[in-house]
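Residues per chain are reported as follows:
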Amino acid sequence: MITPNTLTVLIIGLSLVLVILLAARPSLTTTREGKILAFFALFLLPLLCSVVGFSDHMEHSKQTSFCLSCHIMEPFGKSLYVDDPRYIAAAHFQNHRVPGDQACYTCHTDYALYGGIRAKWRGLHHVWVQYFGNPPAPEGIRLYSLYNNRECLHCHLGARSFEESPIHSALRDSLVSNETSCVSSGCHDTVHNVVRLGAVKFWKGAP
Amino acid sequence: MTPSPVMERRLRVSAAFVFLGLIVELTALRWSHPTAFLVFAFAGIPLVGAGIVVFLYSLVSMKEK
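Protein sequence lines, in the order shown, are assigned to chains P and Y. Just so we're aligned, residue 5 is where the first sequence starts under our numbering, counting upward by one. Just so we're aligned, residue 2 is where the second sequence starts under our numbering, counting upward by one.
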C-alpha cells in the first residue's frame with residue numbers, strides 16, 4: 005500500500021523529472037502543451053510538493069521517536085520505561101493509555117482550539133533554543149505553566165476507573181476547574197522525575 | 002520556433018530554484034529529526050517559492066508579438 009510519505013516522494017520525483025526536462029529543453033514552452041507542462045512543472049507540482057511535504061512533517065513531528073531524537077530528551081524517553089506504576093508517564097506509556105508512537109504529543113499538546121498549533125510552535129521554539137540559545141540540562145527542563153488538568157480529563161473524565169474513585173468524585177469540580185492540579189497536589193506528582201533515573205528499575209519493554 | 006533568450010534564461014533560473022528546493026525538501030523528508038523540519042521550512046520552501054516567483058514573473062513580463 006502506498007503511504008502518504010511515499011506519495012509525497014513520488015510527487016517530488018515526478019516534479020524533478022519535469023523540471024529537468026524543461027531546463028534541458030526550454031523550447032518546449034513555445035507550444036500550448038509545453039506552456040501547460042511548464043505551468044505544472046514550475047508552479048502547480050512544486051506548490052503541491054511543499055504543501056504535502058509540510059503536512060507530512062507536521063504529522064511526523066507527533067512521533068515519539070521524533071521528540072526523542074534530540075539528545076536533551078533522552079532521559080525523558082528513558083523515563084517511559086521506569087518499572088514503577090507511580091511514574092505517571094511510564095504507566096501511561098507501558099499500559100497503552102497513550103499511543104506508544106505518539107506518547108509525548110498525546111500528553112503535551114493542548115486539547116483546545118489551536119492546541120496542536122501551539123504545541124508545534126513550542127516545539128519550534130525548543131529547536132531554536134537548542135541551536136541559538138542556552139538549553140537547560142534535562143533535569144532543569146520545566147513546563148511553561150502548570151500542567152492543565154484538561155489534558156488529563158480529555159481521556160479520563162467519564163472513564164469508569166476515574167468516575168468510581170471516591171477521591172476523584174470528591175474533588176471532581178476542583179479538578180475540572182483546574183483549582184486542584186492532578187500532577188502537583190500530592191496525588192500524581194511523580195511524572196518523568198528524570199533526576200531519580202539512576203535509582204530506579206527499568207521495564208525491558210514488550211517482547 | 003524558440004523562446005526569447007530572456008524567457009529561456011528565466012525559465013532555467015526558475016527550474017534551477019525549483020530543482021534545488023525539491024532536492025532539499027526530499028532530503029528533509031527522508032530525515033527524521035527536528036532540524037529536518039527547519040531545513041524543509043526555511044530552505045526548501047523558500048527555494049521552491051523563489052522558483053515559482055521567477056516563473057510567474059517570466060509569464061507576466063513576456064512581451065506579446
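If you are wondering where the hints come from, they were derived from the structure by calculation, not from laboratory data. Hints are supplied without guarantee of correctness; some may be wrong.
[Stated by the list, open to error] Far from chain Y by the CB rule (all over 10 Å, computed), these chain P residues: (1) Ile40; (2) Pro79; (3) Arg101.
[What the hints assert, rightly or not] Pair ranges (Cβ atoms, derived): (4) P/Asp105 <-> Y/Thr36: 26 to 32 Å; (5) P/Val204 <-> Y/Thr36: 55 to 61 Å; (6) Y/Val61 <-> P/Glu143: 53 to 59 Å; (7) P/Val204 <-> Y/Thr28: 37 to 43 Å; (8) Y/Arg10 <-> P/Ile6: 24 to 30 Å; (9) P/His100 <-> Y/Trp32: 26 to 32 Å; (10) P/Ile145 <-> Y/Trp32: 42 to 48 Å.
[Said to hold, decoys possible] To give an idea of the chain P side of the interface with chain Y (calculated C-beta under 8 Å), a few residues: (11) Leu18; (12) Pro30; (13) Leu41; (14) Ala42; (15) Leu46; (16) Ser54; (17) His61; (18) Gln106; (19) Tyr109; (20) Gly127.
Note that beta-carbon positions come from the ideal geometry of N, C-alpha and C, so glycine has one too.
Results of checking the hints against the structure:
| no. | hint | in the structure |
| --- | --- | --- |
| 1 | Ile40 | holds (12 Å) |
| 2 | Pro79 | holds (17 Å) |
| 3 | Arg101 | holds (25 Å) |
| 4 | P/Asp105 <-> Y/Thr36: 26 to 32 Å | violated (21 Å) |
| 5 | P/Val204 <-> Y/Thr36: 55 to 61 Å | violated (31 Å) |
| 6 | Y/Val61 <-> P/Glu143: 53 to 59 Å | holds (57 Å) |
| 7 | P/Val204 <-> Y/Thr28: 37 to 43 Å | holds (39 Å) |
| 8 | Y/Arg10 <-> P/Ile6: 24 to 30 Å | violated (38 Å) |
| 9 | P/His100 <-> Y/Trp32: 26 to 32 Å | holds (29 Å) |
| 10 | P/Ile145 <-> Y/Trp32: 42 to 48 Å | violated (24 Å) |
| 11 | Leu18 | violated (10 Å) |
| 12 | Pro30 | holds (4 Å) |
| 13 | Leu41 | violated (11 Å) |
| 14 | Ala42 | holds (7 Å) |
| 15 | Leu46 | holds (4 Å) |
| 16 | Ser54 | holds (5 Å) |
| 17 | His61 | holds (5 Å) |
| 18 | Gln106 | violated (14 Å) |
| 19 | Tyr109 | violated (13 Å) |
| 20 | Gly127 | holds (7 Å) |
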